[in-house]
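*Asks:* In order, the protein sequence lines correspond to chains A and B.
Positions in the first sequence are counted from 1; adding 87 to them yields this note's numbering.
Positions in the second sequence are counted from 1; adding 1484 to them yields this note's numbering.
What the hints contain is simulated information worked out from the structure, not anything from laboratory work.
Treat the hints with caution; some may be incorrect.
Below, a list of computed lysine to any residue pairs in the SDA-like style, where the Cα atoms sit at most 25 Å apart [to be verified]:
#1 A:Lys131 / B:Gly1498
#2 A:Lys106 / B:Thr1565
#3 A:Lys212 / B:Phe1563
#4 A:Lys160 / B:Thr1565
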Amino acid sequence: MALMPKRVKHRKSQRGRLKGNATRGNRVVFGEFGLQAVEGGWVKAQTIEAGRIAAQQYVRGEGRLYVRVFPHKSVTSTPLETRMGKGKGEPEYWVAVVKPGTVLFELGGVTEEQARVCLARLAHKMPIRVRFVRRRPA
Amino acid sequence: MAVELVAKVRRERGTRSMRRLRGVGGIPAVLYGHGQENVSLTIEAEQVQHVVQQGSKLVDLRGDINESALVRDVQWNAFGTEVLHLDLVRVSAGERVEITIPIVLRGDAVGTRNGGLVEHVLHEVRIECPVASLPDRIELPVQSLDLGHALHARELPLPDGARLLIDGEQVVVHCVQPVGDEELATAAPSEPEVIGRKAAEGEEGDGE
Chain A
88 MALMPKRVKH RKSQRGRLKG NATRGNRVVF GEFGLQAVEG GWVKAQTIEA
138 GRIAAQQYVR GEGRLYVRVF PHKSVTSTPL ETRMGKGKGE PEYWVAVVKP
188 GTVLFELGGV TEEQARVCLA RLAHKMPIRV RFVRRRPA
Chain B
1485 MAVELVAKVR RERGTRSMRR LRGVGGIPAV LYGHGQENVS LTIEAEQVQH
1535 VVQQGSKLVD LRGDINESAL VRDVQWNAFG TEVLHLDLVR VSAGERVEIT
1585 IPIVLRGDAV GTRNGGLVEH VLHEVRIECP VASLPDRIEL PVQSLDLGHA
1635 LHARELPLPD GARLLIDGEQ VVVHCVQPVG DEELATAAPS EPEVIGRKAA
1685 EGEEGDGE
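Work the whole structure out from these sequences, hints included.
*Replies:* Given below as structure tokens:
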């Protein structure tokens, strides 16, 4: 089941603009290795889930995967074969707004070789360019 | 262990000149503490990278200035690829300092052979320590860690004269049973609840 908020203040949101780099959530905090976004974009809840499953299948029983992004934003669309107008469409899916530098996933309890393979599998699912990162020195 | 850094006193300030400085392989730094005047410095990027990668905390400044200093803060760019600025604080040999030290796990836990998963919960610890015995990292042996057991902050091998500044009961590492592929199968609703809207109202009840 794809992620979505339990409670929201408003069902629909405006698109907004994606400016600047991530100043929060841009370092590996929980695990030892991570997957960092190099460019910005919207990542769908289904995509996050697909990535999670791809990685989880690889590290099963050996490492721990952390998902660092959450789809807080709803995206609406007008149904097919509908005339224009009649107001904003209904929420269709949920996305996480990702700024360049955001760490999307983290991995702990595995070797670097294993982490590289696992996160590469995950990276293939992502709609944006990502790179492998290590925990920054304290 | 102290690492030597060649530092030049810097007079230029401001964003633009610092960008230019980084462009030619310099890293801006500042030295302060002991009630003395702040000194702006320039250090070569290669040397800074070496110190940061090694995780060295104590540095000996040479060049225009001859002092011992502690790396108090490192500023990175948004991607964590380049060091932007270094904060150095003056220290003397007999002084005690408060500092954050990384914890590194050593060895393979017994629990992993029994199907357990070693989870490193606390990666850094804040300690108070004499400058003379300041470690770059604290190495924690985990060979004896069995499934269902944990090692706490109080069990960390601290250097002589060091004192923990966090709760000793805090878990540093534990060995747990790996959680299965926890599908989020908790019958999630198709749409979230809207705060402030009464349940009786329909989906189209927004009326705006």
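*Asks:* Evaluate each hint against the coordinates.
*Replies:* Hints, verified against the model:
1. Using a Cα cut-off of 25 Å, the hinted pair Lys131 (chain A) and Gly1498 (chain B) is violated, with the two alpha carbons roughly 41 Å apart.
2. Taken as a hint, the Lys106 (chain A) and Thr1565 (chain B) pair is honoured in the structure, with Cα atoms around 20 Å apart against an allowance of 25 Å.
3. For the hint linking Lys212 (chain A) to Phe1563 (chain B), the alpha-carbon distance of about 21 Å falls within 25 Å, and the restraint holds.
4. Proposed proximity of Lys160 (chain A) and Thr1565 (chain B) is contradicted: the alpha carbons are some 29 Å apart, above 25 Å.
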